[in-house]
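Undergrad: Each chain is listed here by its residues.
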Amino acid sequence: MSSDTSEIIRQDDVTIRFAGDSGDGMQLTGTQFTDTTALVGNDLATFPDFPAEIRAPAGTRAGVSGFQIHFSSADIYTPGDAPDVLVAMNPAALIINYKDLKPGGIVLVNTGSFTEKDLERADCKTNPLTDGSLSGFRVIQEDINQRTIEALAGSPLGKKDVLRCKNFFTLGMMYWLFSRPIEPTLEWLEEKFGKKPDLFDANTRALKAGYNHGELLRLFQGRYEVPKVDNVEPGTYRNINGNQAVALGLVAGAELAGLKAFLGSYPITPATDILQYMSVMKNHGVITCQMEDEIAGICTAIGASFAGHLGMTNTSGPGLALKTEAMGLAVITELPLVIVNVQRGGPSTGLPTKVEQADLLQCIFGRNGEAPIPVISCSSPADAFECAVEACRIAVEYMTPVILLSDNYIANGAEPWKLPAIEDLPRFEVKFVTDPEGYTPYTRDAKLARAWAKPGTPDLMHRIGGLEKDARTGNVSYDPDNHQIMCETRLAKVMGIRDSIPTPTYYGPDAPDLLVVSWGSTYGATRSAVEALQKEGRRIGRLHMRHMYPLPYGLPEIFASARRIVLPEMNFGQLARLLTSEYPQFKFEQHYKVKGKPFFAPELKAHFRTILEEMA
Amino acid sequence: MSELQQLKAKDFKSNQEIRWCPGCGDYSIIAGVQAVLADIGVARENVVMVSGIGCSSRFPYYMETYGFHGIHGRANAIATGVKVANPDLQVWVITGDGDGLSIGGNHMIHSLRRNVDLKIILFNNEIYGLTKGQYSPTSPQGLKTKTSPYGSVDAPFNPLQLALGSGSTFVARTLDTQPKHMKEVLAAAAAHKGSAFVEVWQNCVIFNDGCFKDWTDKTTRDEQTIMLQPGQPMVYGKDQDKGLKIDGFALKIVPAAEASAWDPTVDSAGPAFVMTQLDNDPAMPRPFGVFRSVRKPTLDELVHEQIGTVTTKRGPGALKDLLYTSDCWTVD
Ligand SMILES: Cc1ncc(C[n+]2csc(CCOP(=O)(O)OP(=O)(O)O)c2C)c(N)n1
Ligand code: SF4
Ligand SMILES: [Mg+2]
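Keeping their order, the protein sequence lines are chains A and B. Here the working numbering is used: the first residue of the first sequence is 1, the next is one more, and so on. Here the working numbering is used: the first residue of the second sequence is 1, the next is one more, and so on.
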């Protein structure tokens, strides 16, 4: 392959979207391309976009599954905005994606799936390949179905199975186009199909044929090279998605607390993977229970914490609503518990496979009674590990339930994660009470955390529960003054967490014209947009929040330095409201998007630029 | 105090004053549980009482054991977490007919189907006591309560049938008025490995007084009830002169000498189910005692067995192995 004489075009930043029918294997194509790209040394971020239905009718728009990868020779923070390249395996995939493409972008179309019937299934009145829709793009038409059949001539596989290999043919073409090695995927095929020689052989041949096809046919003007990132921090890296990172962080967090992890759960998109990942970790002593509903999920976790484990539960918005009452129980019994909420589009079932961050106020305030619960939010897949560990730390150090917020964009997006050295992770070993001397269930330490004695410990038998308890004896108490004291104490304990969390770092010029405050998965697009404007010399700065409740110290000082403050949120301004009520002296301007899609850097940049120009 | 010394029933009493109405059947149940715990010689620190919400659910506060007073209906789920986390604990669930069969019905059937090793006592007073007298899922049709002033139109559950239908490996029934019988049944439940479902007929003197009177009244009860004894002929009556004979899918009344023996240990839940059908027939005595007692693997056993098997096969996992997988790459 070194004989290749195609022109090499250097490009520093590329976004590719693979799109096809749910059955076309685009997720696999995307993840293979991603793994290879990571090994090549590019920074990258990915995001899959799949339909809510498992098998929507083949060829329809509802059945289109997509996978986007953004890779670069510099650091990047988002899975990309407008793609440079669109791979469309059928008319439906083309129709719903081509408008996102950059002007002049490349469209690789599998013409083998553009029969009259295919067009009809995709609800196309005219053929987009010929009706002028694609003018302004560089269209490469190839009958990938036919090429795959030719490449696999003589294979013992039936025609249907042969055609299934077309994604590997396509992957081969893309490897050639972007100068990636095919060896990592060959190794993967060996591992996956080693015991099924026919499948191994067919996919290998398809991959190689696709690669050679790119080279031989000169379909493209040349091939691209995206050099590796030069100044990468040394270390060991791994590609990780948000759900994996949360699962690992929870298991690590339990271990750092010296406890066993217990996850009580009920499947719900997009949180289920966390249960799935943790179910595998049996040899790490992790207990997972798939319960009959979300209420049972959190209640088993509370029971496990009572018994001396670190109870955890994971869910998404509708499930969080069901857990509400039990969260209050965890507050009043003051047991450690980590509740992961992977947000999706609401209300109700809403947009189950799409992104939104509209559960913030529900998490902070959505319970009966005065029931403060600390809330932490992840900003990216790689950040999710640290956030999950932090959630565990707060849970055990303060004897409190903690909500960890993620969202569908973080959960399913992936990026390289620099692995921490195990020895560098914070340790927060729990010390159970064993000495009966002076013990009551509500004996508190300096942090106001109550003493934790677990069943099985002699002479520390005690009773806790949902009824208010006497601050001193721990017995049921209806005393009015005591109730106020207990409510104040629980709140003071949670507010005290501020002593253990940092003020978020402000990045930007002193006294900026515009301060952008972001939280959750808006991190990447916000950072990209702000940095781009900073490069243009604009006086714009940014601040990203991890601790949503209690709010860290030091925020008003930062807010005071800015002329205007804006918050991009995938909700109707929930953080803006929170900050407004907390710091009424400042004006927090909201900028919202609730389309089930993340913010893109260019749209944020345009919005920030408009504000800056208004001020000029 | 060393737990090795023989504990008495009173050692299981907490220092909290009991707040049930005078005459409430709950008193006799707590006395029964305390006596049984003392008899079986379990250490107090190894006992956990988990309850939901209701008059009955205040129970854990009165016991000198570990206790968790949960939220309405969720005791079985909380207790499942306790037991699976630490199988060495003896975990009891205290629940009511509303708590365990209405709001908590889902958790009840699922904990029974999973055979979690829990001793479940369902205080059945056929009424919502704590909320001051509304009909419950076990109230008979026609019962007049505050929310059914013209009589309840809801058909009730038979708790035993629900438990049997959920696959419960131990199902029993006893009454608050028969302390000796109750202790036998509770001791059998405590000895059972797996979900033990015990329905206790409990009189609410305030809101549903006398609802079980036909079967508890000293003058009528002997003719109206039958106490099942494992392996023994099913005989009843003041003079122990009547018996029950299994006749196909039904039971019929026969002279004592012809009575069939009762065997709760058969694998099939069929005979126990047939036995519960007596509840529907006013001409037949109501059965009490152990309906079913079979040994099956429990959830807590299976969870830990699986952890053991996987750990043996894959070796005990270290955090480092979880993070540093084969698909990592290094940048120098
Ligand atoms: C979520 C919730 N809904 C309703 C209630 C009100 N409530 C408390 S106890 C109860 C019924 C209790 O009846 P049962 O379980 O039969 O117990 P009993 O008082 O009869 O012993 C109800 C409806 C509650 N505490 N929580
Ligand atoms: S209301 Fe009924 S069930 Fe509740 S304590 Fe009083 S008598 Fe017992
Ligand atoms: Mg009741």
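Where hints are given, some of them may not hold.
The calculated lysine to any residue pairs, modelled on SDA-like cross-linking and capped at a C-alpha distance of 25 angstroms, are [unchecked claim]:
no., chain 1, residue 1, chain 2, residue 2
1, A, Lys192, A, Ser73
2, B, Lys320, A, Glu429
3, B, Lys320, A, Leu460
4, B, Lys10, A, Leu460
5, A, Lys195, B, Lys313
6, A, Lys535, A, Asp13
7, A, Lys418, A, Lys195
8, A, Lys418, A, Asp510
9, B, Lys13, A, Asp435
10, B, Lys144, B, Gly210
Pair ranges (Cβ atoms, derived) [to be verified]:
no., chain 1, residue 1, chain 2, residue 2, range
11, A, Ser500, B, Tyr27, 46 to 56 angstroms
12, B, Trp329, A, Gly23, 25 to 35 angstroms
13, A, Pro267, B, Thr312, 23 to 33 angstroms
14, B, Tyr27, A, Tyr583, 31 to 41 angstroms
15, B, Lys13, A, Gly554, 51 to 61 angstroms
Think of the hints as simulated: they come from the structure by calculation, not from any bench. Cβ atoms here follow ideal geometry from the backbone N, Cα and C, with glycine treated the same way.
Undergrad: Please write out, lowest number first, the hints stated earlier that are contradicted by the structure.
TA: Violated hints (numbers, rising): 1, 3, 7, 8, 14; every other hint is consistent with the structure.
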